[in-house]
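Residue numbers (the working numbering), protein chains in the order written: chain A, 1 to 305; chain B, 1001 to 1360.
If you are wondering where the hints come from, they were derived from the structure by calculation, not from laboratory data. Just so you know, these numbers come straight off a predicted model, no measurement behind them. No residue lacks a Cβ here, since even glycine has one placed at the ideal position from N, Cα and C. It is possible that part of the hints are untrue.
[Unchecked claim] Each pair of labels, with its calculated beta carbon distance range: (1) LEU215(A) x ARG1077(B): 53 to 59 angstroms; (2) ARG288(A) x SER1127(B): 29 to 35 angstroms; (3) SER1127(B) x PRO206(A): 48 to 54 angstroms; (4) ARG114(A) x ARG1077(B): 33 to 39 angstroms.
Each chain, written out:
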Amino acid sequence: MSMAAVGVEQAGILRVARGRARRALIRDTWPLFPALALLAAFFVLPLTLILPESVYDGTRVTLSVYGTVLGDAYYWIVIGRSFRLALYSTFVCLVLGYPTAYYCVRVVHPRWKRVAYMLLIAPLFTSAVIRVMAWTVILGRNGILNRTLMQMGLIESPVRLLYNELAIVVGLVYVMIPFMVLTVASVLENLDRSLEEAAQDLGATPVATFLRVTLPLSLPGVIAGCFLVFTLSLSAYVTPALLGGGRSKVMSMLIFEYFLRVFNWPLGAAISCVLLAVTLLLIWVYNRALAVGARRGRLGVEAAI
Amino acid sequence: MGDEWVVRLETVSKAFGRVRAVDAVSLQVGRGEFVSLLGPSGCGKTTTLRLIAGFEFPDSGRVLISGRDMAEVPAFRRPVNTVFQSYALFPHLTVFDNVAFGLRRRGVAKDEIHRRVPEFLNLVRLSEFGARYPSQLSGGQQQRVALARALVNRPDVLLLDEPLGALDLKLRKQMQVELKHLQRELGISFIYVTHDQEEALALSDRIAVMEAGQVLQFERGRSIYEGPRSRFVADFIGEANILEGIVETPGQPLAVIVANQRIRAQSLHADALQPGAPITLAIRPERISVSLQPPTSPNVLKGRIVEKIYLGGSFLIYLDVGARDPLVARCGHRGLFDQLEPGAGVYAAWELEDGIVLSQ
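Bound-form chain A, shown alone (with noise of 0.2 angstroms):
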């Protein structure tokens, strides 16, 4: 057999495997589809409008819109604003919410654990609008919260409870912990219970076996319950819509203005791919943090997203 044969049945079989591994990537992957379609309508698409909207004026490609937003102090204040209230309602749904999720999957018997879930998902049923407005109803001039206090003699007049940063936090605690219990507590679920007796074992603490063995080991459901709290914190509309009074803007608000309201669309955009780039690096730098985890051996458990 000459060389050039060799060459083109060598050929001839590279076309063979490359046509089957196509074919198997097809029936491997045909259940995805519908979600893929779904996806590319309602997401890439949109997406695909509003960067070129950002970038072009009418009349030709600029960033000027970018150097407007990233310029003014106006919008660093915003954009400032919309991460310090995402990170302390991250921070506080995780201090709420681990111990919250330990007690649900340590503590709760086995039997009452579905009528536990379900209380914590009940909220969930309801529209983001009417859970937000109960708030109102808590934190307002004349609210439960101030008679409370004025009953008890605690203050004199009512307190400014509602309207301000402090009562946007409480909404979005109150809207997102659902989300960090349960993710924690599919963790726990999963933890091996004799690395903690194992701990004992070797004479720690309970405390000692908690912070040695329990946290560490539940970090994957920490790290993937804070991210999921925190993009959806610094995404949400509502909550800061309906608390915030107006006063303390989010980027989503200022989003929803410019594209409804002052039909500064290109402006709208620009604040809209801000915000995506922000999510976008930190879905890159969790999944590297978990990646260099993985690597390192150091996370017994997989990530819960």
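Knowing the structure of chain A, use the given hints to seat chain B on it.
Coordinates of chain B only, in the frame set by chain A:
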């Protein structure tokens, strides 16, 4: 108090709901002794171990370790360490940090830790693996890390919960030898939970055979194998032919009628038996000799070959002697195998002392 027993259980009971997992168990384990808790799954052996470790507390009875009552002592203050069935190595810590975990919790000085951890890693032949994570080790290596992690604390007693259960047969045999060697070298008492009777016989100084939460017999392995007191023990430790008969004439030896044939048996309590009383005998398959010609032994059952099975080192012969179950004989004589054919009439015989009279 100079107690010679490292671990002492006094009529310890533990129930889970309505299930009596451990039922009035009394045990003593001596210093440097290797004791196995042997029994089928659900017999209470693991619960017994957990009661000693302090993961469970008894409903009644006392657990004493080195002479001290453990009623108020939580797991993390007990002078015991456990090797878990799943190894339970900390996946987020290196092999070194896993082994150092117990020393650090007890506040052992840093240079002491850096001396002892390598010493024990060396003992289990894992000197080079200190920087690895458990997920980067094979099952056998993980097992050895678990051993080092427990032994480095020099516990009064090491508890092992089916530690070799997840390993394949060859590795298991190898680890058995290593375990025995380690135990001798360190002189630490081992309490070893297993359902594998061969493993228990190979490793233990004494074996506690458990069933339904109770200890049926607690003796040296050889005494249990050669003198099982109950049908369950005879059946569980090794193989046994169980023959049910009727006492014909008491005395030494007894005359017993089994499947309309007369055999002899000896029992310590022979005088207490009345003619006509039911009696159960256990005979080990390897103690039965099969022949085509009637032997001179007084213990002979005539029967017919049902099946013969070649096992390599030996072969089994199933005999129908008229009893409920066929009699199994294990023979090593190769010439005999070719002569015996299913359907042939043969004689099964055994020495008087090999017919063990069971009390239950």
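Checked hints:
Hint check: LEU215(A) to ARG1077(B), Cβ distance near 22 angstroms, so the stated range 53 to 59 angstroms is violated. At about 34 angstroms, the beta-carbon gap between ARG288(A) and SER1127(B) stays in the expected band of 29 to 35 angstroms. The hinted window of 48 to 54 angstroms between SER1127(B) and PRO206(A) is violated, with their beta carbons roughly 34 angstroms apart. For the pair ARG114(A) and ARG1077(B), the supplied restraint of 33 to 39 angstroms holds, since their beta-carbon distance comes to about 36 angstroms.
When each numbered hint is compared with the structure, violations occur for hints 1 and 3.
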